[in-house]
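K.L.:
Listed below, chain by chain, are the residues.
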Amino acid sequence: MPFTETDHADYIVLAPTGKFNMVSAPLLKTRMDDLVAAGKARLIIDMSSVEFIDSSGLGALIGGLKGTRQAGGELRLAAPGDQARAVLKLTNLDRILTPYKTVEEAADGW
Amino acid sequence: MTEKIGIGRYEAEAIAAAGPSRRYDRVVRLAQAIFGMPIAALNLIGHEHQYTVSAIGFPTGTIPVDDSICRVTVQHDETVEISDLRQDERFAHIPAVLEPPRIRYYAGVPVRGQSGQNIGALCVIDLVPRRMGKQQLEMLADLGALLEHELAVQEEMDLAGTVQRQMMPSQAPDIAGVEVAGRVQPAREAGGDYYDWFVVNDAADGSRRLEVVLGDVMGKGLAASLIASEVRAVLRGHSRFTNIGCAVTETSRTVSNDLESNNKFSTLWAGQLDPVTGALDYVDAGHGLAMIVSNRGSRRLTQKYLPLGMPVLENWAMATDVLAEDEILIVVSDGFFDTLDDSFEKVDEHLKYVLEPGLTCQQIVDLIVDYAIAHDATDDVTALALRRIDPAAPVNPTETN
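These protein sequences, in sequence, are chains A and B.
Going by our numbering, the residue at position 23 of the first sequence is 23; the numbering climbs one at a time, nothing skipped.
Going by our numbering, the residue at position 322 of the second sequence is 1322; the numbering climbs one at a time, nothing skipped.
Just so you know, the hints here were simulated from the structure itself, not pulled from any lab data.
C-beta atoms are modelled at their ideal positions from N, C-alpha and C, and glycine is treated no differently.
Be a bit skeptical, because a hint or two may be false.
What the hints assert, rightly or not - Computed, partial: chain A to chain B, Cβ under 7 Å: (1) S55; (2) S56; (3) G59; (4) K66; (5) A86; (6) L90; (7) T91; (8) N92.
Put together the whole structure using the sequences plus the hints.
P.N.:
This is the structure we're talking about:
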């Protein structure tokens, strides 16, 4: 799988690696859906190992945000790189997918 | 014997004319490897020629249909096996048997086209006489069916791409005082990028305006193109009755279920230009890639709104600007932006050529799209250019690729 998963009890960290695109995005989306269905709706996406995110990757994040919110949780983005930040800013998606500097910061309050 | 090919010959000629496709190569390679023979090929049978569109161990190209073996296979429903071509009076005299490579063994399975008639055959060929077992012949038939499927998918995709291209305007709009051009280069046959333009009548004062749109639905290929068609049509409808801000908001409401249920979103930039005054109303729905360029510099026409299809309620309101007579509006998709490292500095520097005197809007969008193609764009690439011209000037017809 092109991502790692760490269960912190109160929240789960998913860390996709490499290119977050049409190929890998559906895999992460499916895992997020499964976690939300299992009652784990506090998700942190650790973006620090993502080299490149395209619109399919953004789509998976938006889908994850929607799923977690509907289940009373939240999806937070941690440590996006320059390219991911630029894309989030260009599309104004940083308004709803607020980037946190680190996983620890993203987990604050959980 | 009933005719098995007939109209299939026209289809074969059309596919051959479309050029080689790596899709067929895979199946041909598989056939060659499975049967361990020196030659495997997909031959299409036209009225006068056989077209070898994919082959291993044999050159692709064209031969007279009378020198073909597959011309006989296409008259059958089932696999044709000829254990020694030299002993078969139908083929003993053809060049491939008489001269190098002096082929001896042939097994071919007819391949059907969209018409249901045969268009050609997948064949394996050996240089020594032999005979295949029943199981092997069945396997060849299976590969033929796989190839039929590949051909059908390719044709469907090509048709979808054609439909999408036809939906984008290629004629100058029926309004004086503007020059506009657009071009899309989809990464696949069809895609999620599109541009549009059409004339709208202002509800308040009856003035005529040109609306231009560039949309980018997330993802690539047929799935994205279906959603793009919907967003385009709905925005066209709403734009007739209200200002551009409300039109985008209403469009979002109308398509939100289809976008969200498919996990898609669409960035969109839409503007309405009054050619007389230069007044330009616009909405930037998370697109971010519209700019006005002139010798006096460039400015971006952006807003902070979200794309369409987000799981939050958004109300898009229009912003206003003025397109001066010496300015050009350029809107591009991120497929172009990516080839300039997503850098606005590089885009500004790169786009300086749009100000060269004498360039038409069509030449400008061609320069933009061709640059992205030459720099290995992996995404759909779209560009749209608009400027005001002397309303008395004759309408400059634009052509789109």
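K.L.:
Give me the numbers of the hints this structure contradicts, sorted from smallest to largest.
P.N.:
none
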